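The residues making up each chain are set out below.
Protein chains: 2
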Amino acid sequence: MQRYFSNQLDDNKLILGDDDWYHIKTVMRMNNNDKIEVVYHSELYLCEINNQDIRIIKKLEKRIDINKEIVLVIPLLRENKMDLILQKATELGVNIIIPIKMERSIIQLSSDKEDKRINRWNRICKEASEQSHRMDIPQITDIKTFSDLDKMDGLKIVCSTREEEMNLKKFLTNHQNYDRIIIVVGPEGGLTIDEENYLVDIGFNPVSLGNKIMRVETVPLFLLSVWNYENME
Amino acid sequence: MQRYFSNQLDDNKLILGDDDWYHIKTVMRMNNNDKIEVVYHSELYLCEINNQDIRIIKKLEKRIDINKEIVLVIPLLRENKMDLILQKATELGVNIIIPIKMERSIIQLSSDKEDKRINRWNRICKEASEQSHRMDIPQITDIKTFSDLDKMDGLKIVCSTREEEMNLKKFLTNHQNYDRIIIVVGPEGGLTIDEENYLVDIGFNPVSLGNKIMRVETVPLFLLSVWNYENME
Chain A
5 MQRYFSNQLD
15 DNKLILGDDD
25 WYHIKTVMRM
35 NNNDKIEVVY
45 HSELYLCEIN
55 NQDIRIIKKL
65 EKRIDINKEI
75 VLVIPLLREN
85 KMDLILQKAT
95 ELGVNIIIPI
105 KMERSIIQLS
115 SDKEDKRINR
125 WNRICKEASE
135 QSHRMDIPQI
145 TDIKTFSDLD
155 KMDGLKIVCS
165 TREEEMNLKK
175 FLTNHQNYDR
185 IIIVVGPEGG
195 LTIDEENYLV
205 DIGFNPVSLG
215 NKIMRVETVP
225 LFLLSVWNYE
235 NME
Chain B
5 MQRYFSNQLD
15 DNKLILGDDD
25 WYHIKTVMRM
35 NNNDKIEVVY
45 HSELYLCEIN
55 NQDIRIIKKL
65 EKRIDINKEI
75 VLVIPLLREN
85 KMDLILQKAT
95 ELGVNIIIPI
105 KMERSIIQLS
115 SDKEDKRINR
125 WNRICKEASE
135 QSHRMDIPQI
145 TDIKTFSDLD
155 KMDGLKIVCS
165 TREEEMNLKK
175 FLTNHQNYDR
185 IIIVVGPEGG
195 LTIDEENYLV
205 DIGFNPVSLG
215 NKIMRVETVP
225 LFLLSVWNYE
235 NME
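So the protein lines, in turn, are chains A and B.
To get my numbering, take the position in the first sequence, counting from 1, and add 4.
To get my numbering, take the position in the second sequence, counting from 1, and add 4.
Honestly, the hints are just simulated from the structure, not real lab data.
None of the values given here were measured: they were computed from a predicted structure.
Hints may be right or wrong, so weigh each one.
Which copy is meant is left open, because identical chains are indistinguishable; a pair holds if it fits in one copy or across any two.
Unchecked claim - As a list, the in silico SDA-like pairs of lysine to any residue whose alpha-carbon atoms are at most 20 Å apart: (1) K216 <-> Y49; (2) K85 <-> M218; (3) K62 <-> E52; (4) K66 <-> E167; (5) K105 <-> V220; (6) K85 <-> E131; (7) K29 <-> F9; (8) K216 <-> I70; (9) K148 <-> I185; (10) K85 <-> R219; (11) K216 <-> R67; (12) K130 <-> E41; (13) K117 <-> T149; (14) K66 <-> E107; (15) K216 <-> E169; (16) K130 <-> I147; (17) K216 <-> L48; (18) K174 <-> G207; (19) K72 <-> S136; (20) K216 <-> E41; (21) K29 <-> E234; (22) K66 <-> F9; (23) K17 <-> H45; (24) K216 <-> T165; (25) K173 <-> M236; (26) K66 <-> M218; (27) K216 <-> H137.
Here chain A stands alone, though its shape is the one from the complex:
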């Protein structure tokens, strides 16, 4: 069943945005009495389309999800790579995405373009959340710098290209108790030595992903797949 997100409840009716109505009427060609699911304040409702309203029929039971948080720290990338990461990371359960200005990142956004870009990213994550029937939409922060990571709590990992570092499997086997995991992925040319050293200084653990040469947009999907796998019960 099609799923949407709402921020507003009014007299047993959930209010949807114009984009959602466009999707319902024009893309899905739904009619009166057709059923949809709507997430409102982290609760899931079975609803019915009734003229211009979305009427709640009943509250539904939620799917149980992993009760650990995963934060991805990623470089600014070309649009098609960024879109792929955002869509797939949302499917695979990412909670927070922090885009960072990294030294070797090819993309440099002027600050007037930042807001527009972040809006676009949020839209991609919202649509992917609906499609993958999530109960929430991942949070994308403003574009930050590495020093902003200084005060974040959690199990901290930086994907290192130094092959001598402990590999991800050994690391996660030794670190199973955490509420939040924060993983930094470098840009195409890798993190600079200074960047990696700085991250280690503020508590990030350098971890190797093995000897495969992956494109940068593959790495977050690899990490999130492993994270889901490790949290299967």
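Fit chain B to the supplied structure of chain A, relying on the hints for placement.
Below, chain B without anything else, positioned relative to chain A:
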């Protein structure tokens, strides 16, 4: 360093295809004395461009790879999804890809288009192999039917949408000794009950990937990521 594949050795010179020469001259704008790596018969050579020749300088040591084989059985999908799977699966180390006509697959290829399509798929895998510095190119078989899987040996898995099935982590924890793993991924609408039952009859183990709702093209990447992770040493 840029990597290419060759099938022919002639008097200490490795012969490359026209596509490769186009890439060397026009895309990479390389010149005489520039160095490249060439894989020939699963051996890696450092080579030098010398007019119209690729001269071997020396044999290089190989990167150690996972000594288990992974076979992905996938449905026919729309071109953009297929391309993404082929590119990423190659990066992540797939050995054999078997495209299958599945009942709920939207794409039906006429046999005169099959050859053209398989050529295209092979080209994508070759390019991805070069980019990810593989020592081999994944093999893509002809388009097959499920009954062709009957005689294949290996640890056999079918990704099931039945949530009550054993999950992948438990399954792989119980099955660590195998030379080859064969995994079937269903199309957008899932396998039919008859298809899944048939696969179980010929020895495939139904396994659940958890409660995430993934797009069909995400599933092979998820599986290959897990496979790489499980084989980290």
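How the hints compare with the structure:
1. K216 <-> Y49: between (44 Å within a copy, 19 Å between copies)
2. K85 <-> M218: both (13 Å within a copy, 18 Å between copies)
3. K62 <-> E52: Answer is within: at 10 Å inside a copy they meet the 20 Å cutoff, but 70 Å across does not.
4. K66 <-> E167: For K66 and E167, the Cα distance is within 20 Å only across copies (15 Å; inside one copy 42 Å).
5. K105 <-> V220: Only inside one copy: K105 and V220 sit 15 Å apart there, 32 Å across copies, limit 20 Å.
6. K85 <-> E131: both (17 Å within a copy, 18 Å between copies)
7. K29 <-> F9: Within one copy, since 16 Å is at most 20 Å while 52 Å is not.
8. K216 <-> I70: between (28 Å within a copy, 10 Å between copies)
9. K148 <-> I185: Within. Shortest intra-copy distance 18 Å satisfies the 20 Å Cα cut-off; inter-copy 42 Å does not.
10. K85 <-> R219: Classified as both: same-chain Cα gap 10 Å, cross-chain 17 Å, threshold 20 Å.
11. K216 <-> R67: For K216 and R67, only the inter-copy Cα distance (9 Å) is at most 20 Å; the intra-copy one is 34 Å.
12. K130 <-> E41: For K130 and E41, only the intra-copy Cα distance (14 Å) is at most 20 Å; the inter-copy one is 43 Å.
13. K117 <-> T149: Within. Shortest intra-copy distance 17 Å satisfies the 20 Å Cα cut-off; inter-copy 50 Å does not.
14. K66 <-> E107: neither (42 Å within a copy, 31 Å between copies)
15. K216 <-> E169: The answer is within: 14 Å in one copy meets 20 Å, while 31 Å across copies does not.
16. K130 <-> I147: Close inside one copy (19 Å), not across copies (36 Å); limit 20 Å.
17. K216 <-> L48: between (41 Å within a copy, 16 Å between copies)
18. K174 <-> G207: This pair counts as within: shortest intra-copy Cα distance 18 Å, inter-copy 32 Å.
19. K72 <-> S136: Within one copy only: 18 Å inside a chain, 32 Å across chains, cut-off 20 Å.
20. K216 <-> E41: For K216 and E41, only the inter-copy Cα distance (17 Å) is at most 20 Å; the intra-copy one is 41 Å.
21. K29 <-> E234: Cα proximity of K29 and E234: none, with 40 Å in one copy and 46 Å across.
22. K66 <-> F9: Close inside one copy (14 Å), not across copies (51 Å); limit 20 Å.
23. K17 <-> H45: within (14 Å within a copy, 67 Å between copies)
24. K216 <-> T165: within (10 Å within a copy, 30 Å between copies)
25. K173 <-> M236: Classified as both; 15 Å inside a copy, 6 Å across copies.
26. K66 <-> M218: between (35 Å within a copy, 17 Å between copies)
27. K216 <-> H137: Between copies only: 8 Å across, 32 Å inside.
Of the hints listed earlier, those the structure fails to meet are numbers 14 and 21, in rising order.
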